[in-house]
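For the record, the sequence lines run as chains A and B. Going by my numbering, the first sequence opens with residue 195, and the numbers climb by one from there. Going by my numbering, the second sequence opens with residue 205, and the numbers climb by one from there.
Hint data in this document are derived by calculation from the structure and do not stem from the laboratory. Each statement offered as a hint is correct.
For lysine-lysine, the following DSSO-like pairs were computed, each having C-alpha atoms within a straight-line distance of at most 30 Å: (1) A:Lys364 / B:Lys462; (2) A:Lys320 / A:Lys415; (3) B:Lys462 / B:Lys261; (4) A:Lys364 / B:Lys261; (5) B:Lys492 / A:Lys404; (6) B:Lys447 / B:Lys278; (7) B:Lys447 / A:Lys272; (8) A:Lys320 / B:Lys492.
Reference listing, derived: stretches of chain A covered by chain B, where coverage requires no fewer than 3 residues with Cβ under 8 Å from a Cβ of chain B: (9) 447 to 459; (10) 485 to 492.
Cβ coordinates follow ideal geometry from the N, Cα and C atoms, glycine included.
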Amino acid sequence: MTSDVVEPATPTAPAVGVAAVPKPKGRLRLSRGDKWVLALLLGIPAFVHIFLVWVPTLASVVLSFTSWNGIGGLDRIKFVGIDNYRVLVTTYPPFWPAIEHNLIWLGVFMLIATPIGIFFAVLLDKEIRGTRFYQGALYLPVVLSLAIIGFIAQLFLSTDQGLVNGVLAKVGVAPVDWLGNSSLNLWAVLVFASWRQVGYVMILYLAGLKGVDPTLREAAKVDGATEVQTFFRVIFPVMRPINIVVLVITVIESLRAFDLAYIINRGLNGLELLSVLVTNNIIGEASRIGFGSAIAVILLVVAVGPIIVYLTRTLREETR
Amino acid sequence: MTATSQEIATTAVKKKGGIRWSRVALHFFLFTMALVWLFPLLYALYTSLRPYDDTSKLGYFSIGGAYNLDNYIKAFTDGHLPSYFLNTLIVVVPAVLLTLILASMAAFVLSRFSWRFNLLFLMLFTAGNLLPQQVIITPLFRMFLLLPLPSFLSDNGLWYDQYFGVIAIHVAFQLGFCTFVLSNYMKTLPQEMVEAAVVDGASVFQIYRRVIMPLVRPAFAALVVLETTWIYNDFFWALLLMKSGDRMPITSALNNLKGNFFVDNNLIAAGAIIVALPTMIVFFAAQKQFISGLTLGSTKG
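One chain only, chain A, in its complex shape (with noise of 0.2 Å):
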């Protein structure tokens, strides 16, 4: 490990560190029947992850080269090279708004609702009376199913039954139609899914930072540090693991946004979604295997990206 700074930072684990006992690993002499054991301890788990996860991930990538209706068997599909990515990208309407609506729902993510995470974090990190009390509140969102998180936004936002149209009728306002119209209903929709990734951004946070070394923090107060300095020239640097997780999690919590859209207006009308489209081409009469494929293909290529800096840091970990 190149610092020590991050402690493992799990009450329920043993302060144990790894570095700590040097393994011998593959000292022990295995019987014929241990090695057996060990195959199989190892084999099943592996099969049915690889099966149903990553078999189905290559599928993905194969049949994105071709066109199959679903109708038949596996010989009625056809290669037909990158067509379903030339559609894709100049003719299909809905392409384009999803990209733009995932890049926005991953910009509101990183911009609005993670610094407000860290910010809470960092408050929290006080140990003040009553943070359990602060702590639970804003965490909440998370433990929801983001199906009813759907449902909550509808009691706020709908047109005749909103709350917030309700406020805005006793100033004399007009009623908007916040979900209905495909200039205001993602936007809308983010201060739901931001309710909900804020405490997510929260509690990783909170935990990097109880790991933080408090000498550091003393030695900047003694320097006469204020406390936004020591946070941005002391903690936020050690932080850098964290940080990487946090930034991960975004980019994938972002990618994988579906449920919220779908439950609201099956992501039609300004929510589009790659990750909608992937379903809309496959849900329904005329299923269109290959081009959804194309569809999960792009999101696959966008999330390798960070999923390489995570197993990277995995990586680091396991051969130190």
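Given chain A's structure and the hints, the job is docking chain B onto it.
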């Protein structure tokens, strides 16, 4: 060393007279934010207690009228919520158990034995846990329509539209996260215990079952809480891999409370509170496990 630095810190605090005021301001700010964050749920709770007729007369931004549990009764009976709760239970219990058992098996091998492909497998599990579900849904959907299943597991002979299929994808997908967390956890256990067991002539399976498994209980507790919540909250897998309306989980049952031509937000509010309640109870009962499970997966590794 720590004693002196603590002294410096405390004297610094004492010298500053304004410190109390900043504490008050901090409390005020955090309390306000906590209320803002709780407000959507409090509002849902409030609305769920009011009859539709009263809110349509007085408006949703109002007080007064009757307060009762009628919406809850209606949601339970008209929305058939108990049978959807049962559907969710049928998926959640086996999925969580299988995920944890399988993950502990893989994590045991990956963390305790040196093997050429350890790193590769760990990478697969970790990366698999980060994939957006939509990347795999198209081929998975077709696989579920093609794969056969014996009749005691599936009444249509397929993986599609079956509890088995939904349980299987939950297990496969969550295995990534749980294996990653558990193998990190197992690496922190002292190797001497395993060595002692080997000296005593224990087999590999006995080491797994009798030495390692009892020690990972805290991590297990955290993962049970987390996985139960996540699988309970799932909307996506069931939406795409189930077809029969009467097999859908509780999270999609809320849609049934929406009429075709008429929406009753008070009823929906009651439904949302009912569906949210189990996860909120789990969270309040096991906040520590919940949070430690999440951070176990992120801060290490």
